[in-house]
Amino acid sequence: SQQGEEDPQALSIQEGENATMNCSYKTSINNLQWYRQNSGRGLVHLILIRSNEREKHSGRLRVTLDTSKKSSSLLITASRAADTASYFCATVPNDMRFGAGTRLTVKP
Amino acid sequence: GAVVSQHPSRVICKSGTSVKIECRSLDFQATTMFWYRQFPKQSLMLMATSNEGSKATYEQGVEKDKFLINHASLTLSTLTVTSAHPEDSSFYICSARETGGIYGSPLHFGNGTRLTVT
Chain A
1 SQQGEEDPQA LSIQEGENAT MNCSYKTSIN NLQWYRQNSG RGLVHLILIR SNEREKHSGR
61 LRVTLDTSKK SSSLLITASR AADTASYFCA TVPNDMRFGA GTRLTVKP
Chain B
109 GAVVSQHPSR VICKSGTSVK IECRSLDFQA TTMFWYRQFP KQSLMLMATS NEGSKATYEQ
169 GVEKDKFLIN HASLTLSTLT VTSAHPEDSS FYICSARETG GIYGSPLHFG NGTRLTVT
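For the protein sequence lines, the chains are A and B, in the order given.
Each residue of the first sequence is one higher than the one before, starting from 1 at the first, in the working numbering.
Each residue of the second sequence is one higher than the one before, starting from 109 at the first, in the working numbering.
Hints in this document: simulated from the structure, not taken from any laboratory.
Worth double-checking, as some hints may not be accurate.
What the hints assert, rightly or not - For the chain A half of the interface with chain B, some residues (derived, Cβ under 7 angstroms), not all of them: (1) ASN30; (2) ARG41; (3) PHE98.
To be verified - Between beta-carbon pairs, the in silico distance windows are: (4) A/THR27 / B/GLY109: 41 to 51 angstroms; (5) A/ASN18 / B/LYS128: 40 to 50 angstroms; (6) A/GLU53 / B/GLY124: 33 to 43 angstroms; (7) B/LEU182 / A/GLN2: 38 to 48 angstroms; (8) B/GLY109 / A/ASN30: 19 to 29 angstroms.
Claimed, not checked - In silico BS3-like links for lysine-lysine, alpha-carbon gap of 30 angstroms or less: (9) B/LYS163 / A/LYS70; (10) B/LYS149 / A/LYS69; (11) A/LYS107 / B/LYS149; (12) A/LYS56 / A/LYS70.
Ideal Cβ positions, reconstructed from N, Cα and C, are used throughout, including at glycine.
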């Protein structure tokens, strides 16, 4: 497949805990992006990491990229109920295609 | 930030009728827009790539005569579901890529249209 694939499919945690989700891909990339989708809404861009970067932070988000393993991880620290959503990774090129995503549920 | 407006957000139509969904980039120009279909708790399935001034490119298995796409301007793409049937009921989402943006810049998404065909 040309798109990234997220893992796990579903993740349920308590508020305040950290959430980690992973993305694997198969081809060479220019950059990798993470998106969030709240139920019944469109996708919202969260963070972009370039192929020459290994780690990037944005607020409570931390993204890592390992191009040798063709994988990325998204860490959400101190999760909140409002973080409940589906999360998708997208790789450039082919960032118009998406995998199944990770459905994160944060329980209050 | 870049905003994509998708309209309507919800529509209910009778079987056999056609429905038009609009995707509009409000503060940027978009040479390329994408249309998706999403079933409950599933991923976005890319239906077609819409290019301004030219014919859309459809993904394998998507009926181009059923899902008509028009991208007549740099800020508007429309998806018309023709002769809708209950199995066309779904969540349709569009996204847009900013013209002239840095290579690999993020896509901007509309908030989707919930289509119910009765």
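Taking the hints in turn, this is what the structure says about them:
{"no.": "1", "hint": "ASN30", "result": "holds, 5 angstroms"}
{"no.": "2", "hint": "ARG41", "result": "holds, 5 angstroms"}
{"no.": "3", "hint": "PHE98", "result": "holds, 5 angstroms"}
{"no.": "4", "hint": "A/THR27 / B/GLY109: 41 to 51 angstroms", "result": "violated, 29 angstroms"}
{"no.": "5", "hint": "A/ASN18 / B/LYS128: 40 to 50 angstroms", "result": "holds, 44 angstroms"}
{"no.": "6", "hint": "A/GLU53 / B/GLY124: 33 to 43 angstroms", "result": "violated, 52 angstroms"}
{"no.": "7", "hint": "B/LEU182 / A/GLN2: 38 to 48 angstroms", "result": "violated, 27 angstroms"}
{"no.": "8", "hint": "B/GLY109 / A/ASN30: 19 to 29 angstroms", "result": "holds, 22 angstroms"}
{"no.": "9", "hint": "B/LYS163 / A/LYS70", "result": "violated, 34 angstroms"}
{"no.": "10", "hint": "B/LYS149 / A/LYS69", "result": "holds, 28 angstroms"}
{"no.": "11", "hint": "A/LYS107 / B/LYS149", "result": "holds, 19 angstroms"}
{"no.": "12", "hint": "A/LYS56 / A/LYS70", "result": "holds, 16 angstroms"}
In terms of the numbered hints stated before, the structure departs from hints 4, 6, 7 and 9, listed from lowest to highest.
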